[in-house]
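J.: These protein sequences, in sequence, are chains A and B.
Count along the first sequence from 1, add 591, and you get the number used in our numbering.
Count along the second sequence from 1, add 2, and you get the number used in our numbering.
Hints in this document: simulated from the structure, not taken from any laboratory.
Note that the coordinates shown come from a computational prediction; the quantities given were computed from them, not determined experimentally.
Think of the CB as a built atom: it goes at the ideal place given N, C-alpha and C, for glycine as much as any other residue.
Check each hint, because a few of them may be wrong.
[What the hints assert, rightly or not] FRET-style restraints, in silico, Cβ to Cβ:
| # | chain 1 | residue 1 | chain 2 | residue 2 | range |
| --- | --- | --- | --- | --- | --- |
| 1 | B | Met39 | A | Leu655 | 48 to 58 Å |
| 2 | A | Ile620 | B | Ile83 | 45 to 55 Å |
| 3 | A | Ala691 | B | Pro29 | 48 to 58 Å |
| 4 | B | Pro29 | A | Phe635 | 41 to 51 Å |
[Claimed, not checked] Covered, in the sense of this in silico footprint (three residues per stretch, anywhere, with C-beta under 8 Å from a C-beta of chain B), are these stretches of chain A:
| # | stretch |
| --- | --- |
| 5 | 654 to 662 |
| 6 | 674 to 681 |
| 7 | 715 to 721 |
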Amino acid sequence: MTEFSSALGVAASGMRSQAQRLTHVSENIANTDTPGYRRKTVAFRPDRGPDAPQGAVMPGRVQLDRRDLTKIYDPGHPMADETGHYFGSNVDLVVELADAREAQRSYEANLKVFDQIRQMSTSLNDLLRR
Amino acid sequence: MDIRNTLATQAYTQALPKKPLRAESEPPMRETFNAAMDSAIDALREGETQARAALTTGADPHSMVMALAQTELAVQTAVTIRDRVVEAYQEILRMPV
Chain A
592 MTEFSSALGV
602 AASGMRSQAQ
612 RLTHVSENIA
622 NTDTPGYRRK
632 TVAFRPDRGP
642 DAPQGAVMPG
652 RVQLDRRDLT
662 KIYDPGHPMA
672 DETGHYFGSN
682 VDLVVELADA
692 REAQRSYEAN
702 LKVFDQIRQM
712 STSLNDLLRR
Chain B
3 MDIRNTLATQ
13 AYTQALPKKP
23 LRAESEPPMR
33 ETFNAAMDSA
43 IDALREGETQ
53 ARAALTTGAD
63 PHSMVMALAQ
73 TELAVQTAVT
83 IRDRVVEAYQ
93 EILRMPV
């Protein structure tokens, strides 16, 4: 029983991490047109907390992408400098969409594992019931 | 007097003190069942707490789903074991004396 419950915990930690990753992706997409916004990335790391099961994953610290901000020419913009340029965000929508899709796929994989663990333990109980 | 019968009785009385029905170090069946039921009830309580937290304070839904799945498994196991125990007890009761 403990193997099943720790496996459930690991799958749930994977789903939780992917959900948080999707949060940052949606922040990036929402701030595509925010001047000076740097896209947020999050790297996963193993969760070694006291009540986390062995092998669980958790999102690490949020980091900012250090790529150069895009320079946009718009003399009428309030933040434009003397040459008429201002710095936009460094978010690439294509990258963000790919990241969101990857988060969705990983979430689905964890969900499938979760469901499979439940099915396995249920069929183990069914064996006992006969 | 049937010799084989006497021999069997002797062998049985010799074997009896050597092999008790249950080892002294083992806890009684009742305690084992109690412990199993207690852990199932604990899982149930944990699932209820998580569900209440998720619905009222907006806690992590993943934790709620995990706790509810564990509750389901624990209750299933408890019910299955109870059924087996009751079945065994009824089987003993049906034995012609």
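J.: Decide, hint by hint, whether the structure agrees.
T.: Here is what the structure says about each hint:
At about 52 Å, the CB distance of B:Met39 to A:Leu655 agrees with the hint of 48 to 58 Å. Range check, A:Ile620 to B:Ile83: Cβ separation about 51 Å, and the 45 to 55 Å hint holds. Checking the proposed 48 to 58 Å range against A:Ala691 and B:Pro29 shows it holds: the Cβ atoms sit about 54 Å from each other. In this structure the supplied range 41 to 51 Å holds for B:Pro29 paired with A:Phe635, their Cβ-Cβ distance being about 44 Å.
Chain B is given as covering the stretch 654 to 662 of chain A, and this is violated because 0 residues of the stretch bring a CB closer than 8 Å to a CB of that chain, at least three being needed. Check result for the stretch 674 to 681 of chain A against chain B: violated, 0 residues qualifying (beta carbon to beta carbon below 8 Å, three or more required). With 3 residues bearing a CB less than 8 Å from a CB of chain B, the stretch 715 to 721 of chain A meets the requirement of three and the coverage assertion stands.
In terms of the numbered hints stated before, the structure departs from hints 5 and 6, listed from lowest to highest.
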